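Peer 1: So you can see what is in the structure, the chains are spelled out below.
There are 4 protein chains.
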Amino acid sequence: MPPATSPSAARLPTPLRGVVPPLCTPLTPTGDVDTRSLRALVEHQLVAGVHGLFAVGSTGETAHLSDARRRTTIRTVAEAVAGRVPVLAGVVDTSTARVLDQARAAADAGADALVATAPFYAATHPLETADHFRRVRDGVDLPLFAYDIPASVHTKLAARTVLTLAADGTLAGLKDSSGDLGALRRLLVELRAQGSLDTFSVLTGSELTVDGALLAGAHGVVPGLGNVDPAGYLRVYEAATAGRWDDAAEEQDRLAALFGVIEAGTAAGTGAGAAPGMSTGASALGAFKAALHLLGLIDCPATAAPQTPLNEEAVRSVHTALQRAGLL
Amino acid sequence: MPPATSPSAARLPTPLRGVVPPLCTPLTPTGDVDTRSLRALVEHQLVAGVHGLFAVGSTGETAHLSDARRRTTIRTVAEAVAGRVPVLAGVVDTSTARVLDQARAAADAGADALVATAPFYAATHPLETADHFRRVRDGVDLPLFAYDIPASVHTKLAARTVLTLAADGTLAGLKDSSGDLGALRRLLVELRAQGSLDTFSVLTGSELTVDGALLAGAHGVVPGLGNVDPAGYLRVYEAATAGRWDDAAEEQDRLAALFGVIEAGTAAGTGAGAAPGMSTGASALGAFKAALHLLGLIDCPATAAPQTPLNEEAVRSVHTALQRAGLL
Amino acid sequence: MPPATSPSAARLPTPLRGVVPPLCTPLTPTGDVDTRSLRALVEHQLVAGVHGLFAVGSTGETAHLSDARRRTTIRTVAEAVAGRVPVLAGVVDTSTARVLDQARAAADAGADALVATAPFYAATHPLETADHFRRVRDGVDLPLFAYDIPASVHTKLAARTVLTLAADGTLAGLKDSSGDLGALRRLLVELRAQGSLDTFSVLTGSELTVDGALLAGAHGVVPGLGNVDPAGYLRVYEAATAGRWDDAAEEQDRLAALFGVIEAGTAAGTGAGAAPGMSTGASALGAFKAALHLLGLIDCPATAAPQTPLNEEAVRSVHTALQRAGLL
Amino acid sequence: MPPATSPSAARLPTPLRGVVPPLCTPLTPTGDVDTRSLRALVEHQLVAGVHGLFAVGSTGETAHLSDARRRTTIRTVAEAVAGRVPVLAGVVDTSTARVLDQARAAADAGADALVATAPFYAATHPLETADHFRRVRDGVDLPLFAYDIPASVHTKLAARTVLTLAADGTLAGLKDSSGDLGALRRLLVELRAQGSLDTFSVLTGSELTVDGALLAGAHGVVPGLGNVDPAGYLRVYEAATAGRWDDAAEEQDRLAALFGVIEAGTAAGTGAGAAPGMSTGASALGAFKAALHLLGLIDCPATAAPQTPLNEEAVRSVHTALQRAGLL
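Chains as they are written, first to last, in my numbering: chain D, 1 to 328; chain A, 1 to 328; chain Y, 1 to 328; chain W, 1 to 328.
All clues given are correct.
Chain copies aren't distinguished; within one or between two, either way the pair holds.
With a straight-line cut-off of 25 Å between C-alpha atoms, the simulated SDA-like cross-links for lysine to any residue are:
id, residue 1, residue 2
1, 156, 277
2, 156, 267
3, 156, 280
4, 156, 257
5, 156, 126
6, 156, 276
7, 156, 186
8, 156, 168
9, 156, 183
10, 156, 309
11, 156, 123
12, 156, 268
13, 156, 194
14, 156, 305
These are computed hints drawn from the structure, not numbers from a lab.
From a predicted model like this one, the values you see are computed outputs, not experimental measurements.
For reference, chain D alone in the conformation it holds in the complex (with noise of 0.2 Å):
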């Protein structure tokens, strides 16, 4: 286990509560990480009043980025962040060799935690991903997060695995982008239970559900529609934490309405009436872009390749949803 003086570890609260929206990667038309536009974007974050940041997440298209763009995000994001909120990186990749190259260069460029998935493409048993979470944390020091997110990954943490790792110090935290809230319950009584909520940080990744999984005992939230509005994801938190649980509902069903917005161009129609051949990954991701384009936050719309882009009908109805939601 690392000292607990560890430059890193200091820089991260522990636990970790708050809002840490898991950042958009902007892009050049030619597919280059949009420095400038991703600078902008972590300003306007950190204005908003976040209480950290997520790069190259599953929001910031790390699937699409190569190498080289994932450590050009994480270091822009770094700099522009410069300390003043702690700043988690993904390390996604298929397995523990990867997964520790990922890391020692999320390290390099300026990562405060790291942010590692259970092995895909190849899957693993309970004791094998345990393992996994040992040699990545032994392997580089920075706080670790466990991220769960079946979707992806498709397998889910064993909640066995999560209460070990926490109770012996490997991991920092979990962001839980299961979208299962009931089981996400049971593990927050386990964790309260053997004592580690007091230091390991638990993050729903769920930005429908903040409300229920801040009420729950989650410390905060991991909201990829906190991209478009970090305002609204900063209300419902302190709503929350003041004991105003019905004012944090009422915000969260407007931010719910809102994140209508991810069907924008999966439901779309072209002019001929089809609709456009498009993942819901890219639906989504091309939806929260749009909107940041037309707020003015950064420069292009564009995702990563072979992701279809947005049509012109699905990026009215993003214009449509933010005047709607009172952001234009």
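Dock chains A, Y and W against the given chain D, drawing on the hints supplied.
Peer 2: Structure of chains A, Y and W alone, referenced to chain D:
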């Protein structure tokens, strides 16, 4: 559509609010419905103050009950309740013609409302699913709830289907056992936007997130664990409706800990140390019934064949959990 | 175990070899069983030389048929066949008690053997699944086939379960509709090693790989497409049993091309250009029935509610496919 | 499209026929690539007469290898082969930009052809998948095979995608590890109908149904078990191409029995009787490597972290299986 003054509709509040436990079906050692124990369980629930009862749902082992036993169960519950609260009855079968036969039998046995899933075994398109619900509603003059339980049906109800059938009056409500509170949040926001929430009842079947579901605007809960501890769920519901959300969450936490009994069977070793061959369903339902037996409410803890019964170690762990929860 | 001289066992060859089509269930426009068309379809099959018939299986829309219609179908088939070949009957229901009721009804209606899946809706552990088959076999004195169809049941039968129940005589055979010929190959090798293949019948339900399955040692095939072209499957079978494997493959290729009709419904546009709302099952079964109607064998091509019917464009594409296959 | 006279295309037969084992990647006890053992394994394969070799595929533990180790592996194989047969290299990564980086490295290391999956982690629409393959093909001047492996990628390649990319020359072939021989049969029939089968290579990755796949028209096989027994697969292939299908099936049966070694790890008890915590992948790859070690071909049977190693009982069961198969 049926006339608004039909007797059954009169017995069902609009919307249905509160705690509506899905009753376990007590069985004799030979597998028949133990009507004496069933009446005792019903009385236990009514004394606790539940707002409705749901007979022959998944928790009631509907998949394992013959038509004759389903009918006996519904009739026994309806007679024991005697109009004090509404009785919902599951009409779970593979497709329209078979569900209609179940629905006629349930109506004849005294149900006040019906709960049907989308077709399963042979999966349907959302438009076919909508047609299914319309045909069931047209065939039997009782309010109809859609039962969204992807773990059993292997498709999730499309939000568009629910919104359409809520708007046109086909469905009286939704029992959401999807475990996907994010999707339910979006649905609630859209139901409210189209003006359906005053008449269309939204009940969550997720017993671990009742506080969050109520905060999101759900009207009530259908908690399997409510068989064992209805008073606990009533406390969650009452705290929530009074705006005492922290109290609701604290009680929900206690129930989440108790919910661990569902693993009694699958986690228990035998004398030789190996885990018994047992489905997660048999473990959960066996634990609920073992608890009801230990609490003196039912005569026999048996689940229906071919489910493996809990072994002694598992029953002891249920006993311990009841003690910890303050129920024994 | 039943005495070896029971009349039903006598009617079922050991093992059952050859082509055993899973009969479509012709319906009237109002959804009743069209017994006249059903008898005509049976006669068409017997004239072609099939070795058995399988009534109310998945191709027979069993999930959409009421108990009464299932019974009518089995009785009509059994009477029309009049002992000329064995009649297998599906007893598809969610679990043991319900399957036993189906099994008694099927036996009473004249079935020579029963075909049951593992429990579904409430999934079972392999040991519970084995117990299920034992209870069904013990309850009704007819040979029992296990029906492995993960697309509908959502679990795959464990090889160990099949091997055990083949060895102890619980099962008379397997209808493998898993589409996993690799797993079937391993099972065949293990069945042979334990001496079961002389008495335990292995039938594939995969109509696209009959040549490969027979080469691997399967005894026969239950091809849905055999409703439309039984003679084609008989040619595959006869070529294979004569060792003329290239001929078998060539005929199988012709049938694989014809099998494309299953997409008639889902691929067809409407007048306005959009695809109709239709499940893959409705498309496939609608296409088989449209073909039988175009061939003059059944009076009405309707599938059971709530399946969307084929539109005119789809029916025309079936017509074209029949012409190309030399059937019209 | 690249000129037909490019050196690499010249080295790849059109179509590629025969046995192309996906090489295991021998490792040292510390996890580095054991290049000495790798060269010995390559020589063993070439002596047996294989028609090509596939480096850093799933059997080669590609998901567990760092970029550096992947490169070392491909270079070592290419140098050891020295042009005697074509060397295919896996370029497995989450999406286009990353696969392109892998592809450039593989080309530089001496690969003759590339094998890429559809994007994973972030799933794509079929049109996006097609765009992905086009971009990879355009970016690196080597023949490109599509790798259909839904167990790892969690989507299946659409037949329409393969047909289109075969027709327009983007893809040189398909490695089908879907296990769905029915879908492959339909695809082969459609590829033949559009005139692609003379130039587009179809290789099955299903080592249990090679006879059936060849009978269906596949050109060859990429058998993981071929690491252990290449001569066996060559006998299957030679018997099949000579029309001696019963001989092919008999040899395939022997190999199917040997294939049982993949369960060596998951089935083996420890001293205390419980099964070790181990993924199915770790068991299968551990068994292949244990066999290669027992056969004296590689120095160390270790699989890459975090895969649990086989215990002694498991290794003994591999030894027994090799003896039964006549290899020891």
